[in-house]
Amino acid sequence: MTSANIETALGVTEVPYDSPHNMPSPMEYSHLHITGIVNNTGLGTAYNAGLHILVYDGNETLLMNVTSSFASDAVFATDNQIENYLSTNYGTTSPNNTVFNTI
1 MTSANIETAL GVTEVPYDSP HNMPSPMEYS HLHITGIVNN TGLGTAYNAG
51 LHILVYDGNE TLLMNVTSSF ASDAVFATDN QIENYLSTNY GTTSPNNTVF
101 NTI
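The numbering used here numbers the first residue of the sequence shown as 1 and each following residue consecutively.
Everything labelled a hint here was simulated from the structure, so no lab data went into it. Mixed in with the good hints, there may be bad ones.
Pair by pair, the computed Cβ-Cβ distance ranges are [said to hold, decoys possible]:
no.: 1; residue 1: Asn48; residue 2: Met23; range: 32 to 38 Å
no.: 2; residue 1: Thr61; residue 2: Asn40; range: 31 to 37 Å
no.: 3; residue 1: Val55; residue 2: Ser3; range: 29 to 35 Å
no.: 4; residue 1: Tyr85; residue 2: Ala4; range: 32 to 38 Å
no.: 5; residue 1: Ala4; residue 2: Asp57; range: 29 to 35 Å
no.: 6; residue 1: Glu14; residue 2: Ile37; range: 17 to 23 Å
no.: 7; residue 1: Met23; residue 2: Leu43; range: 39 to 45 Å
no.: 8; residue 1: Thr88; residue 2: Gly42; range: 40 to 46 Å
no.: 9; residue 1: Thr35; residue 2: Asn5; range: 19 to 25 Å
no.: 10; residue 1: Ala46; residue 2: Pro20; range: 34 to 40 Å
no.: 11; residue 1: Glu28; residue 2: Ala49; range: 29 to 35 Å
Just so it is clear, CB atoms sit at the ideal spot from N, CA and C, and this is done for glycine as well.
Turn these sequences into a full structure, and let the hints steer you where they fit.
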């Protein structure tokens with residue numbers, strides 16, 4: 001294959017705000033923990049590759065729609081809506097975050 005071909009093996013865990021794995025626990029909000037491997041198995045370069053993240057609540061209301069670049073070294077990826085929510089309701093924003101534009 002002469003073009004780029006991105007293959008992923010990802011795991012997603014929703015971490016509740018009161019998880020004993022949070023430091024400190026409880027945190028002020030829940031978050032997603034996404035881990036795994038991303039490989040380009042093609043021969044071409046994969047320009048502008050990223051992870052498209054869609055988050056829905058139990059009523060199928062879209063809560064988050066962002067694309068996080070694989071080149072980013074951010075610990076947290078959020079959008080402006082989430083940052084505004086955290087600021088308004090908790091007086092804080094995501095630690096060490098990168099704000100991505102919604103798509």
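| field | Enumerated hints in conflict with the structure, sorted upward | value | Of the numbered hints given earlier, the structure breaks none, since each of them holds.
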